[in-house]
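A.B. asks: In the order they appear, the protein sequences are chains Z and B.
Here the first sequence stands for residues 1 to 206, where the numbers follow this note's numbering.
Here the second sequence stands for residues 207 to 369, where the numbers follow this note's numbering.
Don't take every hint at face value.
Sample of chain B residues at the chain Z side, in silico, Cβ under 7 Å [claimed, not checked]:
#1 218
#2 232
#3 236
#4 256
#5 257
#6 263
#7 269
#8 284
#9 306
#10 347
#11 362
Just so you know, these hints were derived from the structure itself, not from any lab.
The beta carbon of each residue, even a glycine, is placed where N, CA and C say it ideally should be.
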Amino acid sequence: MELFGQNAEFKLDVLREIGNIGAGNAATALSRLLDKRVNMKVPTVSVLPFEQIADRVGGAETVVVAVYLRVVGDAPGNMFFIMSLEQANRLLNVLLGMEDVKGPGYTEMELSTLCEIGNILGGSYLTSLADLTGMRLTPTVPSVAVDMAGAILGYGLLQFGTMGDDALLIDTTFFEGDRQAEGHFFFIPDPDAFPRLFHSLGVPME
Amino acid sequence: MNEVTVLKVGMADMKVAASGESLRTTGLGSCVGLVLYDELRRIAGMAHIMLPSSSIARENRINPAKYADTAVPGLVDMMARAGADPGRLVAKMAGGAQMFHFAGEDVMRIGPRNVESVKEALKKLGIRLIAEDTGGNYGRTVEFDSRTGVLHIRSVQHGVKEI
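Generate coordinates for the entire structure from the input sequences, incorporating the hints supplied.
C.D. replies: Have a look at this one:
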């Protein structure tokens, strides 16, 4: 897919930095929320066939907990905060002070707690991004789903769907405690968002 | 017992089973898994449809499997080349869910729109829809057995179902 024209490598670096700053802030917020150390990996930016996007979280059929926010404003896109069931259970145990939270059959209370976590993290990701770029970026009200990764992520690919069979994904993995229980921030800017995004950061488009 | 070969149908992809294979596509959310079937010749085709209409396409070369209006005729052609009789095809489908609920944004109704659009395209070609499991707010994985004509549907919250 011809998304970037010239200086593609440099532009990918810029997007990686966006993931770094956004997810860095979100990880800090999560760490405060849990009062625990939260680590993150260096973000990856990749243009992937639709089919491979869900592979990042274990494959299309893997059951995950996902909070979805649509980003509106100057650089619209889709944002997902994706956790394994294990990770979500752990977050709920810590936050709600309960010992035996077990998904995928969550209560309303547990779902709305997960949703709120996504809201806080998504919000801090976007705020730092808005500060950096001077763009107006607002999240919609978040929505949570516990389902197959493929079914959930399909929503984030619709805007790319009209352009081709690949999508650009900014993926940041974070983990709290051992590396088994990891979560992901996925930011999938709409294809139309790139010129503005790069412009705001002073990256020439041609 | 013979092992059944399973052909995997990816997102925005379509395939034909003409020698007793099963067709499988995973993680259908708002996407629709459409199956066309020639029972007499035991030839089946499956498409994983993502968007309702190719009129919104901005790509140079359209991938016909991706859009409802192009996937239906495209799959019929593919099956005819494999020996199916287009006049004898019947259809089954699953998917078209609304995974997330938001006020306002039209893109969120993409699941129901995909379903409507597939139905319209089937009608245009005179293909009868004999069974469907669509809508709701949950994901599905489907597998079609071309020897029996049964479509197995699996979901996280609602277990397994056959249509």
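A.B. asks: Decide, hint by hint, whether the structure agrees.
C.D. replies: A quick look at each hint next to the structure:
no.: 1; hint: 218; result: holds, 6 Å
no.: 2; hint: 232; result: holds, 4 Å
no.: 3; hint: 236; result: holds, 6 Å
no.: 4; hint: 256; result: holds, 5 Å
no.: 5; hint: 257; result: holds, 5 Å
no.: 6; hint: 263; result: holds, 5 Å
no.: 7; hint: 269; result: holds, 6 Å
no.: 8; hint: 284; result: violated, 18 Å
no.: 9; hint: 306; result: holds, 4 Å
no.: 10; hint: 347; result: holds, 6 Å
no.: 11; hint: 362; result: holds, 5 Å
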